[in-house]
Amino acid sequence: MRPASTEQEAELIDRARDGDRDAFEELVRRHADRLYAVVIRFVADDQEAQEVTQEAFLRAWRSIGRFQGRSQFFTWLYRIGINEAKRRMGRRPPAEFFASLDDDPIPEAPDWSEAPQVRLEQSDLRDVLERSIRSLPIPYRAPIILRDVEGLSTREAAEVMELTETAFKSRLHRGRLAVRRALDEYFLEEKI
Amino acid sequence: MGATTWRRINAERDHRWAQPRLSAYIEGDLPDRQERRLGAHEELCPECAQLIRTLQALITALPALRLPPEASFAIAERTAEQVRARIEEWD
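Which chain is which? The protein sequence lines are A and B, in order.
First residue of the first sequence: 1, per this note's numbering; consecutive thereafter.
First residue of the second sequence: 1001, per this note's numbering; consecutive thereafter.
Bear in mind the hints are in silico, worked out from the structure with no lab data behind them.
Heads up, the beta-carbon is just placed ideally off N, CA and C, and yes, glycines get one too.
Any given hint could be a false lead.
Claimed, not checked - Interface residues of chain A toward chain B, partial, derived using beta-carbon atoms under 7 Å: (1) Arg29; (2) Asp33; (3) Gln54; (4) Phe67; (5) Leu101; (6) Pro105; (7) Asp111; (8) Ser113; (9) Val149; (10) His173; (11) Arg180; (12) Arg181.
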């Protein structure tokens, strides 16, 4: 996570609790990009991600009086954002929730661990990764986004998802295997 | 049962045992004894060795999907304005 003055953030939160809109606006500025970056992988497009991000902050403003500091502000905020995104996804067909997870390695796939494309300088591999993450069933998508893309610690990410660390790690591992398999398919076609 | 058969059975058992532990192994999160066991299996099992290498490569590559700084700034400013406007509407 981006380092920020913890003491300064605590002061902003206290002021926001007292109704200080400027303080809350500063909290929005500090966290909006990361929240958006998580949310956009759950919703249809940029427009919806903007709406969900906004709505998450508005919910946070309305309930900041109940934020007691037992978790970090950003984990509380991420939880609100992901729950809002899930609510929106709940209006879509259930396939997105219950799609099966294909995480077995492909035996004939090449060893692509040293392939230069894996540095993601090529946009087609980035697209493959984004698509494969987006195709993960919801319970396996969030761990990869929070932990591996956005860099939250296991403890922080598990807290966002309201899971034990053990349960979180299990989902993370299966999600990683499924994305890894998508790269097996990609490199099999590329014939590296 | 001969020694070769026992070795094969043990290798298959280690292979099944290793699968759910690969991420923890890569991240150095296994207890010492399990790490040694998985490390020994990695030396003997080309399939697991490749799986470990490619998983490691994937974990290393994923942070590159983060938003670039210029996009981050634009999103932060836009969201702050939008949220401010909505809060003021309520008031």
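Checked hints:
With a cut of 7 Å, the hint placing Arg29 of chain A at the interface with chain B holds, because the nearest CB-to-CB distance is about 5 Å. For Asp33 of chain A, the suggested interface contact is upheld, since its CB lies about 4 Å from the closest CB of chain B, less than 7 Å. The closest approach between the C-beta of Gln54 of chain A and any C-beta of chain B is roughly 5 Å, which is under the 7 Å cut-off, so the hint is satisfied. At about 16 Å, the closest approach between the beta carbon of Phe67 of chain A and any beta carbon in chain B exceeds 7 Å, and the interface hint on this residue is violated.
Look at Leu101 of chain A: its Cβ only gets to about 13 Å from chain B, farther than 7 Å, so that hint breaks. Interface restraint check for Pro105 of chain A: the shortest CB-CB distance to chain B comes to about 6 Å, inside 7 Å, so the restraint holds. Taken as an interface hint, Asp111 of chain A checks out: its beta carbon lies about 5 Å from the nearest beta carbon of chain B, inside 7 Å. Given the 7 Å rule on beta carbons, the hint for Ser113 of chain A holds: about 4 Å separates it from the nearest Cβ of chain B.
Restraint check, Val149 of chain A versus chain B: the minimum CB separation of about 5 Å is within 7 Å; hint holds. Nearest Cβ of chain B to the Cβ of His173 of chain A: about 4 Å, under the 7 Å cut. The hint holds. The closest approach between the C-beta of Arg180 of chain A and any C-beta of chain B is roughly 5 Å, which is under the 7 Å cut-off, so the hint is satisfied. Below 7 Å, beta-carbon pairs count as interface contacts, and Arg181 of chain A has none with chain B, the closest being about 10 Å; its hint is therefore violated.
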